[in-house]
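Novice: Chain residues, written in single-letter form:
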Amino acid sequence: MSKILTIAHWELKRGVKSKAFLISMFMPFVLLLFSVMPTIFALRGDIDEKNMGIIDQGNNIYTDVSDYFSKTSINDQGNPVYTIQEYVSTPLNHDTLIQTLIQDNYVSIVIVLQPDFMKTAQVRIFHGGDVGTEEVFRLENALRRYTMEQRIISLGLTKEDMKYVLDKPDITVYEVGRTGDAKKSNLIIKYGVPGVFLWLLVMGIVMSSSMLISGVIEERSNRIIEIMMSSIKPYELMAGKILGIGLLGVIQISVYLVILLAFTMYGGSFINIDISPRDVFTLDIIWYFVYFIMGYFMYASLYISLGSLYDNERDAQQSVGFLSLFAVLPLMLIQPLMLNPNTSLATILSFIPLTTPFMMILKIGMLSAPLWEIIAMMIYLIAWILGITWIGSKIFRTTILMYGKRATLKEIIQWIRA
Amino acid sequence: MLKIDHVTKRFTGITAVKDISLEISKGEVFGFLGPNGAGKTTVLRMIMDIIQPDEGSISINGVPSIHCEYSKIGYLPEERGIYQKAKVGEVVEYFGKLKSLSSQEAREHANIWFSKLHIENLANKKVSELSKGNQQKVQFIISVINEPTLMIFDEPFTGLDPVNQKILRDIISDFKSQGRTVILSTHQMAKVEEICDTMCLIHKGEIISYGITREIMDQHGGRLDDAFIALVGDNNE
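First to last, the sequence lines map onto chains A and B. Reminder that position 267 of the first sequence reads as 267 in our numbering, one-by-one numbering, no gaps. Reminder that position 194 of the second sequence reads as 612 in our numbering, one-by-one numbering, no gaps.
Excised from the complex, chain A in its bound form (with noise of 0.2 Å):
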């Protein structure tokens, strides 16, 4: 045991120091801020004050509607982002005009009540490069507002009645958990605290590989290995290797949850969502924990066994690299699996034992499985660890003095049977 912790020290002191081991740290984050940010400073982002053309044909309502705007669509510094006029067009100049408007910069927005606008309800809205996407789903909403609230006026209603008609319910949803109390239901920790679980583990699977595999070949192809294994037994240096990458994981998850418990505590009001420690550092947290270390052993073990059948690395990374698709995929598939989590896909692929972790991280976070699934997938997972090791250290012991020639499926079944 005590030579298992002397390699399992060696490889983690190793791999601590190596550059590609703080890039897989780092580099989920990155990846994630750059995916999530620009999203959230989108949604979060102040519309610049532009002009808006407004053609009313035969309404009437031109100032109610500007005025409308002018109410509704305030910036941060409570002004009118837009600075509203009318502009008339005829049947012959009509489409002339908007392009003349947009195009010579003179408004970034025409807005065209079509004919009996209050009877069809009908709106046409031109706009330039400079508005997006998120400006236009504003303008939309305004325009539908407006509508509904015009026709209130119509049907003979006070404002009072509009508001109370216009009110949103004001709707609770709680979760019963497994120990049956009733809790509120919030979507960003049920959905986004094991999807951020997910995604480092894929990334940090997927980053680590070349590490793991490149550690392998460098003892194979530097011949460091004759001197290991005439001091060690394979099974040793299998399990020391293992266990010393699996203590990377340690050391990377522990990091990750230093800085979602900084988040939980400063970041959420700077992104509008309501969280706190105590919602993100439940029970749950130690089963994520959990089952992402046992996620890092899984792949961890693979890539060692499979990687010693290599003694160069490209051959190895080209081979053994399919393995990260296994990775990522509940990634590809996590819409649907977060939709219905109880669907026979996710049955099997929590009995893959690739995908295992993944699935189980998504099962706890959404669909509260229970204690004995959760503790049984845990031995099932420790099971095919153990097993690959095992198998992994008869491949190793043969293939690792085998140079230039490349072991057969034939042949790895030999060993595996010896």
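Note that these hints are calculated values from the structure, not bench results. Model, not experiment: these values are computed from the prediction. The C-beta atom is built at its ideal place from N, Cα and C for all residues, glycine as well. Be careful, since some hints might not be right.
Said to hold, decoys possible - Over 10 Å on every C-beta distance to chain B, these chain A residues come out as not near it, computed from the model: (1) Asn-222; (2) Ile-227; (3) Gly-321.
Stated by the list, open to error - Using 27 Å as the maximum straight-line C-alpha spacing, the simulated DSSO-like pairs for lysine-lysine come out as follows: (4) A:Lys-17 x B:Lys-421; (5) B:Lys-609 x A:Lys-19; (6) B:Lys-544 x B:Lys-421; (7) A:Lys-3 x B:Lys-505.
What the hints assert, rightly or not - Label-pair restraints from in silico Cβ distances: (8) A:Gln-317 x B:Glu-565: 36 to 46 Å; (9) A:Gln-318 x B:Gly-597: 47 to 57 Å; (10) B:Lys-550 x A:Gln-318: 30 to 40 Å.
Since the structure of chain A is already known, use the hints to place chain B on it.
Specialist: What follows is chain B alone, placed relative to chain A:
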């Protein structure tokens, strides 16, 4: 000390070692000679239980090789390799620990050997910064750091200048005087003549000469070079 009993090893379609038997006594320096591809390294790897014989058995001090405590044996393989990015002191300590030494013992032993091989100033350098000869010395230290009673050196003089070759030769002589057993595989006949009590010559996986070094030399005109050429030449077709 070491007994090899009718050992045969085959690799896909090739018999690398054919029915060889040897006995090496405690305190002997044993020369293991043969041309390239004769099967020497295969025999040494089988002694170290890195690969296993297809037939026959190997035992050390009466214990079958599969049950031997290999961390008590020193092995310097022919193929040299070492972690290039690690520091010399760290690498030596690591291998010392793999050979069952504590961290402190490994460091103490390493310092003694660094000083014996005149590389005490290199402990904090990265292996990649060392010359080939100095890397060779570090590997030699790794193979003897656990003070083994049986040592197997496969081409230990390769890459060393004459001064360092002499230092190494003197160290091996010291091992002999301490009653420790050394198996030396080399192409340098002069070294075998100087330090090996007994020897065997292996060719195409078979032993073609085995006995006391002086007697084998005398049978072929007094020089081991001549004995090698005569024996291997005769069997080289």
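Novice: Now tell me, hint by hint, if it's right for this structure.
Specialist: Results for each hint:
1. With 10 Å as the threshold on Cβ separation, the claim that Asn-222 (chain A) sits away from chain B is violated: the shortest Cβ distance comes to roughly 3 Å.
2. Chain B draws Ile-227 (chain A) into its interface by the beta-carbon criterion, the shortest separation being 6 Å against a cut-off of 10 Å.
3. A cut-off of 10 Å between C-beta atoms confirms that Gly-321 (chain A) is not in contact with chain B; the least separation is 23 Å.
4. Restraint check for Lys-17 (chain A) and Lys-421 (chain B): the C-alpha separation of about 45 Å exceeds 27 Å, so the hint is violated.
5. For the proposed pair Lys-609 (chain B) and Lys-19 (chain A), the alpha carbon gap of about 45 Å is over 27 Å, so the pair is violated.
6. With a C-alpha separation of about 40 Å, the suggested pairing of Lys-544 (chain B) with Lys-421 (chain B) is violated against the 27 Å cut-off.
7. For the hint linking Lys-3 (chain A) to Lys-505 (chain B), the alpha-carbon distance of about 20 Å falls within 27 Å, and the restraint holds.
8. Take Gln-317 (chain A) and Glu-565 (chain B): their Cβ atoms lie about 41 Å apart, and the range 36 to 46 Å holds.
9. In this structure the hint that Gln-318 (chain A) and Gly-597 (chain B) lie 47 to 57 Å apart at CB holds, the actual value being about 53 Å.
10. Separation of Lys-550 (chain B) from Gln-318 (chain A) is about 32 Å and conforms to the stated range, judged on CB atoms against 30 to 40 Å.
The structure fails hints 1, 2, 4, 5, 6 (numbered hints given earlier, in ascending order).
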